[in-house]
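Undergrad: From first to last, the protein sequence lines stand for chains A and B.
Each residue of the first sequence is one higher than the one before, starting from 1 at the first, in this note's numbering.
Each residue of the second sequence is one higher than the one before, starting from 1 at the first, in this note's numbering.
Derived by calculation from the structure, the hints in this document are not laboratory data.
As the structure is a computational prediction, the values presented were derived from the model and not from experiment.
C-beta: ideal position from N, C-alpha, C; glycine also.
Some hints could be false.
Okay, the calculated bits of chain A under chain B, using three or more residues with CB under 8 Å as the criterion [claimed, not checked]:
no.: 1; segment: 61-73
no.: 2; segment: 140-146
no.: 3; segment: 308-317
no.: 4; segment: 338-350
The calculated lysine-lysine pairs, modelled on DSSO-like cross-linking and capped at a C-alpha distance of 27 Å, are [unchecked claim]:
no.: 5; chain 1: A; residue 1: Lys211; chain 2: A; residue 2: Lys70
no.: 6; chain 1: B; residue 1: Lys101; chain 2: A; residue 2: Lys51
no.: 7; chain 1: B; residue 1: Lys101; chain 2: A; residue 2: Lys37
no.: 8; chain 1: B; residue 1: Lys168; chain 2: A; residue 2: Lys286
Just the calculated beta-carbon pair ranges, DEER-fashion [as the list claims (entries may be wrong)]:
no.: 9; chain 1: A; residue 1: Gly328; chain 2: B; residue 2: Leu236; range: 44 to 52 Å
no.: 10; chain 1: B; residue 1: Tyr99; chain 2: A; residue 2: Asp65; range: 36 to 44 Å
no.: 11; chain 1: B; residue 1: Thr390; chain 2: A; residue 2: Gly100; range: 25 to 33 Å
no.: 12; chain 1: B; residue 1: His85; chain 2: A; residue 2: Ala205; range: 21 to 29 Å
no.: 13; chain 1: A; residue 1: Glu38; chain 2: B; residue 2: His85; range: 55 to 63 Å
no.: 14; chain 1: B; residue 1: Val184; chain 2: A; residue 2: Asn182; range: 52 to 60 Å
no.: 15; chain 1: B; residue 1: Pro182; chain 2: A; residue 2: Ser200; range: 29 to 37 Å
no.: 16; chain 1: A; residue 1: Lys323; chain 2: B; residue 2: Pro115; range: 51 to 59 Å
no.: 17; chain 1: A; residue 1: Asp306; chain 2: B; residue 2: Gly75; range: 32 to 40 Å
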Amino acid sequence: MYKCLKSILTSALVLIALSASAQSVVYPGIGRPATIKEIAAWDIDVRPDFKGLPPGSGSVSQGQDVWEAKCAQCHGVFGESNEVFSPLIGGTTQDDIKNGRVANLTRRDFPGRTTMMKVATVSTLWDYINRAMPWTAPKSLQTDEVYAVTAYMLNLAYVVADDFVLSDKNIAEVQKRMPNRNGMSTKHNLWPGKEFNGTSKPDTANVACMKDCVPEIKVSSMLPDYARNAHGNLAEQNRIVGQQKGADTLQPERKPGASASASSSTLPNAKSAAKPVDPAIALLAKHNCNACHAQDRKVVGPSFSDIAKKYPGKVDYLAGKIKSGGTGVWGTIPMPAQSAPDADIKTIAAWLAAGGAK
Amino acid sequence: MHMEGLPVEASDRTLSGRIQKAPENFLDQEGIRTVIAESKSGRRNFIRQAFAAAATGAAVPIAMAQSNPVPSEGGDPNILNLPEHAKGLGQGVAAEGGYGKPSQYEVNVQRRQSPGLTQTTQASVSFAPLQSLFGIVTPSGLHFERHHQGWWDIDPSKHRFMINGLVKTPTVLTMDEIMRLPSVSRFHFIECGANTAVEWGNVAVPTVQYTHGMVSCSEFTGVPLITLLELAGVDLKKGKFVLAEGGDGSSMTRTIPMSLITSGEVLVAYGQNGEMLRPENGYPLRLVVPGIQGVSWVKYLRRVEVGDMPFAAKDEAVHYMDLMPNGLHRQYTNIQECKSVVTTPSGGQLLLDKGFYNITGLAWSGRGKVKKVDVSVDGGRNWKQARLETPVLSKSLTRFNIDWVWDGKPGIIQSRATDDTGFVQPTYQQLRAVRDTRSIYHNNAIQSWLVQENGEVKNVQVS
């Protein structure tokens, strides 16, 4: 009651203040003060100075349990996996922790850049895990679980010891051991405004030369012939009328001097390019099956072709499996039970059972 | 006449040996014999055209193949035989259920994923088909997509927008309330910071859709963010940074530059090209941050917070940072610098005949207006200034065109934009000299398209 009264009073004061101010324009009847409860529900960001960090704690070993249940399927048991997303852990050393600069970032030959190699601020890890993880069920982790998962990741990178318990009390100490904490620069010209004291000029300075600008021109890079059709038939990716057509990349390149109009007659028209989409394939997208399964390669779960090969004709079995989920048939990573409508599940199961995935 | 349009300074010299000098040479004895022979074979329309052209002195030289020859039966069947649509009754109004669709013949014009780029469709990209677009507006259904955790179609009557942090009154607004406020409508481009990223080291993809298709341009309608911040009593003395946050699963956050907010440029937008935003583009509310990379244009916008320090959100502390050769990352790199690309002729396209073409493309700058665009057809040795089509607007796509007669010989087409700060779009050599090839973001290098003798156009880089 007191809070309520207070907020009413505050807003009344604000309105008075606004109407008194020459620069402000008041729009009567628009907007209302946010309640403390509403702000608490949404104001979840955590800044590098840890403003916004809720009290709590979590150990490395608790983090490992959460990780294996909810994170490993995409990121790998050690945060090393690149199957779904870029690797999180790897590429940092004890020296980096000492120096606050990740040495491998200077190496052109070092393959890949992990999150731990790049991130300078531990608050960023905590904030993002809290707001957006796990990927398919964001904001489902308890505060202590977020501390635990963060601790586990830091432990994988040797920033904290195996028996470490991360909390709001000691996270500032952990910040002092972040491997790339000194790895950021704002000395550039790509931030509008003076807040970062960036450079006053862009980092390139081309000149608009008009005549005889370059003595010799060589083609230094182009796609190899075998990549000709790697992005699909380019003839089907251009309008059928206009000053140009798309090249038919299903065919080898035509020889110079060959009649152009001959090859134009072989161009596919719009109708042939419009293939009807199988309703099952549309459902795979609709129900996010593609987040874990792909047509012809393992992602998190087995490929659709492998499933089709293993269970020809078994519509009911497959529908049951999709509905109930399961583990063990294709590995240890569990498939969660799916809540899609029965009719949709049946369509997908029938499509798989018919081997449509081949 | 066509010669004037050649973008190459030395074009007349280069071409004089190749293109037969019509029309005066056309009416020589050899030409007349040809005309008579053609006449006997019944190609009278061709002859008439050829003579008319010769007489007015304004035609394509005869050395150029006719792209639209008269068939032997004496006329085009598409003219001679009246089609169904000229002889029957057409369809009624609102036949498409009240929302019209493109012609069935436009089915090739689609946004597309780049094969192998991402493992999921929810954290992924679809690229706008720049090779098929006209003018500066991207049709909303072809606007590029970049999602970090899938898209949603959110009930606007339940969507709320909150302002908190360094304000006198943390404030909540409904969509109804936001849409009651005075609105502005402005054309702006949005470009993903990672547009053209795959091309830093070498050519990686075949067409302009995949090299540059993470840029789009729309007319956005909304309320300047500063209006809403003032409504909440913002403290501009202490408040130097603003956090924007999305309402979807990833609740994406970014630090927004205050100078663009106080200038009135940053919009809280609900309109796109005359209708509401598309769900894939943030329906019902998104931030519009002109000139700044797309990741800052937070979709499904639910909250802004005014603060006194930057927020180091995931997409500015792990991604969307530019690695430099010394191992340092440039952080808070926001501006999309001046850039341009020729969209036709471009990679994967096929020129069917020699003769006249309109080289066309897009230019833009995150710092202001495009001042000029130069085009080269000889790989950057010589340049000629292109026409900028109106409107030329600040932090918007600008369409450029220039006449070109293709002589059937190999050529390398490039465009180079200059903005109103005087900044000139760099070459790959200039960019790499400063940033090497590992910085992923902000690749605004001059693009090269090789036109081969066989008419096929290839994505190339030159040195």
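Undergrad: Now look at each hint and say whether the structure bears it out.
TA: Hints, verified against the model:
Proximity of the segment 61-73 of chain A to chain B, defined as three or more residues with a beta carbon under 8 Å from a beta carbon of that chain, is not established by the 0 residues found. With a threshold of 8 Å between beta carbons, the proposed coverage of the segment 140-146 of chain A by chain B is violated, since 0 of its residues qualify and at least three are required. Against chain B, the segment 308-317 of chain A contributes 0 residues with a C-beta closer than 8 Å to a partner C-beta. That does not satisfy the three-residue criterion, and the hint is violated. Closer than 8 Å: that is the beta-carbon criterion, and the segment 338-350 of chain A has 0 residues meeting it against chain B, so the requirement of 3 is violated.
The straight-line distance between the Cα atoms of Lys211 (chain A) and Lys70 (chain A) is roughly 61 Å, outside the 27 Å bound, and the hint therefore fails. In summary, the hint linking Lys101 (chain B) to Lys51 (chain A) is not supported, as the alpha carbons are separated by about 50 Å, beyond the 27 Å threshold. Taken as a hint, the Lys101 (chain B) and Lys37 (chain A) pair is broken in the structure, with Cα atoms around 45 Å apart against an allowance of 27 Å. This hinted pair does not check out: Lys168 (chain B) and Lys286 (chain A) have alpha carbons roughly 44 Å apart, beyond 27 Å.
In this structure the hint that Gly328 (chain A) and Leu236 (chain B) lie 44 to 52 Å apart at CB is violated, the actual value being about 60 Å. At roughly 51 Å, the beta carbons of Tyr99 (chain B) and Asp65 (chain A) sit outside the given window of 36 to 44 Å. In this structure the hint that Thr390 (chain B) and Gly100 (chain A) lie 25 to 33 Å apart at CB is violated, the actual value being about 52 Å. Separation of His85 (chain B) from Ala205 (chain A) is about 57 Å and departs from the stated range, judged on CB atoms against 21 to 29 Å.
At about 58 Å, the beta-carbon gap between Glu38 (chain A) and His85 (chain B) stays in the expected band of 55 to 63 Å. Between Val184 (chain B) and Asn182 (chain A) the CB atoms are about 42 Å apart, so this pair departs from the stated range of 52 to 60 Å. The hinted window of 29 to 37 Å between Pro182 (chain B) and Ser200 (chain A) holds, with their beta carbons roughly 35 Å apart. Taking the beta carbon of each, Lys323 (chain A) and Pro115 (chain B) are about 32 Å apart, not inside 51 to 59 Å as hinted.
For the hinted restraint 32 to 40 Å between Asp306 (chain A) and Gly75 (chain B), the CB-CB distance of approximately 59 Å leaves it violated.
When the structure is compared with the earlier hints, violations turn up for hints 1, 2, 3, 4, 5, 6, 7, 8, 9, 10, 11, 12, 14, 16 and 17 and for no others.
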